[in-house]
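Enquirer: Positions 4 to 286 (this note's numbering) are the ones given, in order, by the sequence shown.
Worth double-checking, as some hints may not be accurate.
Claimed, not checked - Straight line, CA to CA, 35 Å or less: simulated DSBU-like cross-link-like pairs of lysine-lysine:
| id | residue 1 | residue 2 |
| --- | --- | --- |
| 1 | K141 | K235 |
| 2 | K151 | K229 |
| 3 | K125 | K141 |
| 4 | K125 | K235 |
| 5 | K229 | K125 |
| 6 | K141 | K151 |
| 7 | K151 | K235 |
| 8 | K151 | K125 |
| 9 | K141 | K229 |
Stated by the list, open to error - So the derived label-pair ranges between C-beta atoms look like this:
| id | residue 1 | residue 2 | range |
| --- | --- | --- | --- |
| 10 | A95 | Q38 | 34 to 44 Å |
| 11 | E5 | A190 | 56 to 66 Å |
| 12 | Q53 | L201 | 50 to 60 Å |
| 13 | A242 | R105 | 16 to 26 Å |
| 14 | S35 | A95 | 41 to 51 Å |
Keep in mind that the hints were calculated from the coordinates and are not lab data.
Beta carbons are placed, not taken as given, at the ideal position from N, Cα and C, and that holds for glycine.
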Amino acid sequence: MEIGIIGLGAMGREIARNLGAAGHTVTAWNRSGGQVEGVHMVETPAQALQADVALTMLSDDAAIRSVLLDANLLSQVRPGLVHVVASTISVAFAEELTTSHRAAGIDYAAAPVLGRPDVAAKGELNVLAAGAPTVLEKVRPVLEIISKRIWYMGEEPPTAHAAKIACNMMITMAIEAMAEAVVLTEANGLARERFFDLILNTLFGSRSYQVYSTNIINDRYEPGFKAVLGLKDLRLAHAAAEQLGRNLPMLEAVRHQMTEAVNAGGGDRDWSVMADYTIRSVE
Numbered sequence: 004m005e006i007g008i009i010g011l012g013a014m015g016r017e018i019a020r021n022l023g024a025a026g027h028t029v030t031a032w033n034r035s036g037g038q039v040e041g042v043h044m045v046e047t048p049a050q051a052l053q054a055d056v057a058l059t060m061l062s063d064d065a066a067i068r069s070v071l072l073d074a075n076l077l078s079q080v081r082p083g084l085v086h087v088v089a090s091t092i093s094v095a096f097a098e099e100l101t102t103s104h105r106a107a108g109i110d111y112a113a114a115p116v117l118g119r120p121d122v123a124a125k126g127e128l129n130v131l132a133a134g135a136p137t138v139l140e141k142v143r144p145v146l147e148i149i150s151k152r153i154w155y156m157g158e159e160p161p162t163a164h165a166a167k168i169a170c171n172m173m174i175t176m177a178i179e180a181m182a183e184a185v186v187l188t189e190a191n192g193l194a195r196e197r198f199f200d201l202i203l204n205t206l207f208g209s210r211s212y213q214v215y216s217t218n219i220i221n222d223r224y225e226p227g228f229k230a231v232l233g234l235k236d237l238r239l240a241h242a243a244a245e246q247l248g249r250n251l252p253m254l255e256a257v258r259h260q261m262t263e264a265v266n267a268g269g270g271d272r273d274w275s276v277m278a279d280y281t282i283r284s285v286e
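Starting from the given sequences, assemble the full structure and let the hints guide the process.
Expert: Written out as structure tokens, the structure reads:
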């Protein structure tokens, strides 16, 4: 299968590499250039859309709008292309993309992913897929290569993006919950590694707790997923709640804390640096 990829950030590089290693012909465009083994780099995003399936992995709404919509690339795709947006984008923009693809007669699916670059490298992402069943069946061979499991979110692409935003919101809530628990327990003489040994083996054993408790124990926040991107996703969650006319108090609390952590200089560190901000702000 011929596969195009637009955007080769930390996640996109690993996805492209795995697709190439699986024997597909992979063509990719990246704003900042670069090379990936087994991937043919092209000079324009339009060239990456001359494929059977194209995956967009750009960072946000603005980047996708600039690259795809403002440049009118939907009028330049290969006939029969299926376009898959794997980026984390707003629900409102996903609705706009659904409309624009329908008007252009292009099959469109959403497939945002759960997992960090190390998970992507193993081909073990969780893919949240939404779109018409016939469209998803066309792209299933591609998604199976990069995933541990494909989760069907429904026929409307915005649903998958709402689910991804909600998942990231919940991860930040878990990070903040661990940070506030450390504030209480360390002040009363319990080392954080002992406390986390307790919760990981009793109440909270999920991957998010495992990964981010390790960061908090070691007081090490090397970027896996940058805090500035985490803040972007919390803004998307806030916008989605506003669109519904709803106030989500826990969301607003973690959005405030992540904003403070980024403003304190943690924007390029892992988003679990929010825990460090919370812990240190009470010392």
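Enquirer: Enumerate the violated hints, using their earlier numbering and listing them in ascending order.
Expert: Hint 14 contradicted; others consistent.
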